[in-house]
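S.K.: Using the sequences and the hints, build the whole thing.
Residue numbers (the working numbering), protein chains in the order written: chain A, 1 to 459; chain B, 1001 to 1459.
Warning: the hint list may mix true and false statements.
Quick list of in silico lysine to aspartate or glutamate cross-link-like pairs, EDC-like style, CA-CA up to 16 Å [as the list claims (entries may be wrong)]:
(1) A:Lys172 - B:Glu1430
(2) A:Lys95 - B:Glu1074
(3) A:Lys95 - B:Asp1077
(4) B:Lys1172 - A:Asp259
(5) A:Lys412 - A:Asp259
If you want the footprint, here are the derived chain A segments under chain B, 3+ residues with CB under 8 Å [to be verified]:
(6) 74-81
(7) 174-184
(8) 379-385
(9) 429-442
Honestly, the hints are just simulated from the structure, not real lab data.
Backbone N, C-alpha and C fix where the C-beta goes; we use that ideal spot for every residue, glycine too.
Each chain, written out:
Number of protein chains: 2
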Amino acid sequence: MATREGNDTKVVLSETDIPTKWYNIQADLKTPAPPVLHPGTGQPIGPQDLAPLFPMGLIKQEVSQERWLEIPDEVRDVLRLWRPSPLYRARRLEKALGTPARIYYKYEGVSPAGSHKPNTAVAQVYYNKQEGVARIATETGAGQWGSALAMACQFFGLQCKVYMVKVSYQQKPYRRIMMETWGAQVVASPSTDTQAGKKVLEADPDSPGSLGIAISEAVEDAATRDDTKYSLGSVLNHVLLHQTVIGLEAKKQLEKADDEAEIVIGCAGGGSNFAGLAFPFVGDKLTGKNKTIRAIAVEPTACPSLTKGKYVYDFGDTVGLTPLVKMYTLGHTFVPAPLHAGGLRYHGMAPLVCKLYEEKYIEAVAVPQVAAFEAAVRFARSEGIIPAPESAHAIRVVIDEAKKCTEAGRGKAILFNLSGHGHFDLSAYEAFLTGKLQDYEYPSAKVEEALRHLPKVKA
Amino acid sequence: MATREGNDTKVVLSETDIPTKWYNIQADLKTPAPPVLHPGTGQPIGPQDLAPLFPMGLIKQEVSQERWLEIPDEVRDVLRLWRPSPLYRARRLEKALGTPARIYYKYEGVSPAGSHKPNTAVAQVYYNKQEGVARIATETGAGQWGSALAMACQFFGLQCKVYMVKVSYQQKPYRRIMMETWGAQVVASPSTDTQAGKKVLEADPDSPGSLGIAISEAVEDAATRDDTKYSLGSVLNHVLLHQTVIGLEAKKQLEKADDEAEIVIGCAGGGSNFAGLAFPFVGDKLTGKNKTIRAIAVEPTACPSLTKGKYVYDFGDTVGLTPLVKMYTLGHTFVPAPLHAGGLRYHGMAPLVCKLYEEKYIEAVAVPQVAAFEAAVRFARSEGIIPAPESAHAIRVVIDEAKKCTEAGRGKAILFNLSGHGHFDLSAYEAFLTGKLQDYEYPSAKVEEALRHLPKVKA
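M.R.: Take a look at the structure:
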């Protein structure tokens, strides 16, 4: 095994090491997370308010204060197909950088859908099936989440309907075909399948669509059909919970490697891959077991909700349909620049990540996309794997922290989440390699404008 | 671990289990393989004849009669990045088929390039570097081989020039970008970089290119530059040798699973992934250690060299530049139909595979592509992974053999090579899912015609 001093590259675990419980960081918070509010009344919502959209099994997890939640055997039996994911020691990258840092990465691209997303998709579909749901509707942008849910639905025999943002549907056919190969029905959004979609098309028949519109369609679909629920791939507490298998495995693997993480790094769009890796480590900080560990969420300069946003109540979606959640937000009407890291183009951030950031248990850094791709290419040329554009942002900060180790003359153990591969994002690499990739400045005027449209919350 | 009776899905090994020696089946042949002949003299060629194109380290392996050849530590250190590859028990597929068969697959798609090709690319680049070669030229069709070699050259600090068939260069930009991300220089072939390319372009400025033309360009490049050698991704003995890590690992994994393969299956284009998995098992048949094991090479109906070709001396390439090798061939001038499984569009077959087929140590089956994709979609919906179109052909025969087990009421252990993933072949899946994928009959008239153009070999 990859001991700290040996020359092994990977720490692999056997399937008996797949966690049997998810770690719920809510149990270890100093004060409870702020409640989710009803947009009309300004009052905290209850489980029944969410029942039209989610099965009760997931709603219970959303609000649970228990530290450990059992992972059902049926879920673990699917996770076995790619879990435990390998923990790599990036020896070749360390050498290329000439750093004394010990760099580790958890590789989530080994799932058949190519990212960490199936970890929660499988759990979500399972709880839906448990409660007799026959069909799930969701939205997807570039397709990472849609393909994870399509695969999970196929495994449990549920139908899956994906509203895919039209511009992605047209420009990125491969993710669509992937979903169809796993049996999902995919339509370009706005579609004529919903009232919301029809309304948009009436106003603009050539609408390219947006994630906000696609959410509206999926929510309407789920709310108007008895056999259907809705499913979300990030942000919510239960989604972050399901992703903690990543960090729990990583801890066990580092122990096997006779090492201990000092810095934990993940990119953060909605926050689920960052939280999945970091929460089990941050939990040790909350409980005082490890007071020095640093966890860094990395976001793009063009969409820096944690580092530039306001910690207030806002809508989770662009259109303003969801309950109000307290989070760092750039304003729900803010439309981020067309970054290649589509998964990081979100105006807000998972409420649990925000609370930990507000209380200084975690840090955040924003990086520009050209610097992220420079880091990703360096990574690919050392380690082989071509990272997803989202993960590239994490790698930028890993390399920066490794350089600080070089300057300080002391090696630290840095752990990061390589949340997915970049096989469907190679056009972004081409733009970088040919010098055509552009950076986007922090859009302060647009953010200021969007922050003016925050919902008013009744006291 | 995945015991025969347990419920684990994968058998994983640690890096110390990566084989330390390649298995050379030439040592166990009953009679030596027929010699390679000089096309001009008809006489067996010697190592010096190959020296302009290949480093002596590889030429020695090509003709070695030693059973076990040491894998250099520097090669194993790169293989660690993805090896040992997992052995899966396809429990979900077995259940979907309702078969008593125990289906295992070795998954080679875990390499960063997405197929088994890097197993030999790394070894080839290593031996080139050992002998001071600074640059390697090769050809690639759809890009599997080119991307494996690009990555390996990057790891060892060699330059890499890839002549990519122009029609693929234009239609499949992702594989090209992958090669460029790993630092290779890629040109559309025919190119103006070689005399061979210029000649083709003079006659037809719009030539779409072909693998034959690209080979001519790469060979000319290597032969006319002192710093450059040529590299081939299949067919040759040393390539098959390097791939035996697949079968050697699989044997160890099956032992850990307390099972023994009764049928071993791989798709066969040039023959290297089939040989890589099967030769360690076929070796047991040659030496009498296991008399009953069956090894089945699966080829496409549209290009069935083993099942329909002639066992004669022919050129390895389309143009007729290479030495003459004795193999099952459809004639070097035969141009296969535009199958989606580009890796199976080869007029001949690795000479070692052919000799074993001639002597009935292995079997061969040809399957049509629609049936192959039907099997691949069934596989993806059970196991998650979307197979490469080449691997889909193997899966077709796996499912057929599993059905025979069902009919006979006796479960056998079937092992196959899932040689790569289909992330860059999703348009083929779309064609299948929309009913537009067509089958190609066996082109008997075209083969008859091509067989009339076999080279005359002096007695």
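S.K.: Hint by hint, say whether it matches the structure.
M.R.: Against the structure, the hints come out as follows:
1. A:Lys172 - B:Glu1430: Holds, because 13 Å separates the two Cα atoms, which is no more than 16 Å.
2. A:Lys95 - B:Glu1074: 15 Å, holds
3. A:Lys95 - B:Asp1077: 14 Å, holds
4. B:Lys1172 - A:Asp259: 43 Å, violated
5. A:Lys412 - A:Asp259: Roughly 10 Å separates the two Cα atoms, so the pair holds.
6. 74-81: holds (count 3)
7. 174-184: Result for this restraint: holds, n = 7.
8. 379-385: Coverage by chain B holds here, the residue count being 5 at a Cβ distance below 8 Å.
9. 429-442: This one holds; 3 residues, not fewer than the three required, reach chain B with a Cβ under 8 Å.
Violated hint: 4 only; the structure is consistent with all others.
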